[in-house]
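Colleague: From first to last, the protein sequence lines stand for chains C and H. Counting from 621, one number per residue, gives the positions in the first sequence under this note's numbering. Counting from 2, one number per residue, gives the positions in the second sequence under this note's numbering.
Please note that a few of the clues may not be correct.
[Stated by the list, open to error] Taking lysine-lysine and the BS3-like style, the derived pairs with C-alpha atoms no more than 30 Å apart in a straight line are:
#1 Lys79(H) with Lys754(C)
#2 Lys117(H) with Lys792(C)
#3 Lys117(H) with Lys44(H)
Keep in mind the hints are simulated off the structure, nothing from the lab. Given the structure is predicted, the values throughout are model-derived calculations rather than measurements.
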Amino acid sequence: MEISWRDLLTVMHGMGFGALFMLAFSGAIGELYGAWSINPPAELDPRGQTMLRIYLVGMVFIAWLTVFSGAYIVYPWYRAIPPVGAVDLTGFPRSLLLSSPHTSAWHSVGMEWKENVAWIAPIVMTMVAYVYWKYGRSINRHPDMRRTVLAFTAAAFLATGVAGAFGVFLNKYAPVRGGGTIQLIRGE
Amino acid sequence: MATTNAASSTKDLPNGEGMAAILAAGIGCAALGAFDFLGDAVKGIGEFFNFYNPTGTLSGVTDTAIVVWLAAWYVLAKRWGGRDVAVGRVSLLAFALLAAGFLLTFPPFMDLLQGK
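Next up, chain C with everything else stripped away, as it sits in the complex (with noise of 0.2 Å):
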């Protein structure tokens, strides 16, 4: 079982970075939602709201290390150029895609949107742990500051969505490889 350290890599920014934001995402609308409800069924004691503090800081950080780490880490070798007459295009996975009018728009509609409107969640998240940082429940007292926020985390989701959903068919028509190899289990 071998990996090379580029699919390594990118597998860090979409699965092990861009997933687990993904997957926080049910814990921090739900939370929010419970927390900030005007007739909320339990109170968030100290620790709780504390505890929901910690959450939506974890998800501002691995947000911002999935938009760098794809942009900075993984980007360069998804648009890297091809040597002058190159015929095979394996390693260059921005040339592949589009060097195919079946494949092409997975670049000129995927990548382009994927690469920019991903970088709304982290800045959206960013303010979101700010104002439950800030307000905490006392929110209540601003029911359309509230729900403003709520549905802008709606929209952060959405962002991560569409640039998580394009990452991984991206990587299934043109993924990128190249690198060292990494042995991780010797065969049999």
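Following the hints, put chain H in place on chain C, whose structure we already have.
Modeller: For chain H alone, coordinates are given in the frame of chain C:
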């Protein structure tokens, strides 16, 4: 008891700082979309945004959007800190900016605006 104290200490917190953060997030998202669109539509701007060659235009678009977002947050927090602002109007503006961010990063919409 601790919950009561915490609640009372934040009871009269005005909405200004929260709304500043919300509107700044909207501004950051719109800036991201606007820079992406401009970098795509105007070759010279695209080259300007090429801060880090391996990442290309994306590096400048996102870095500059982050700077705009943080600067807007700082200015708005200074102006609105410690007072209440009109939540409805500011929220509406923030949503419009957020929507602009989504739309302007969507390649078919960018092509439509450029008449491609």
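Colleague: Would you mind marking each hint as holding or not holding in the structure?
Modeller: Outcome of the hint check:
| no. | hint | result |
| --- | --- | --- |
| 1 | Lys79(H) with Lys754(C) | holds, 15 Å |
| 2 | Lys117(H) with Lys792(C) | holds, 29 Å |
| 3 | Lys117(H) with Lys44(H) | holds, 15 Å |
Violation of the numbered hints given earlier is absent; every hint is satisfied by the structure.
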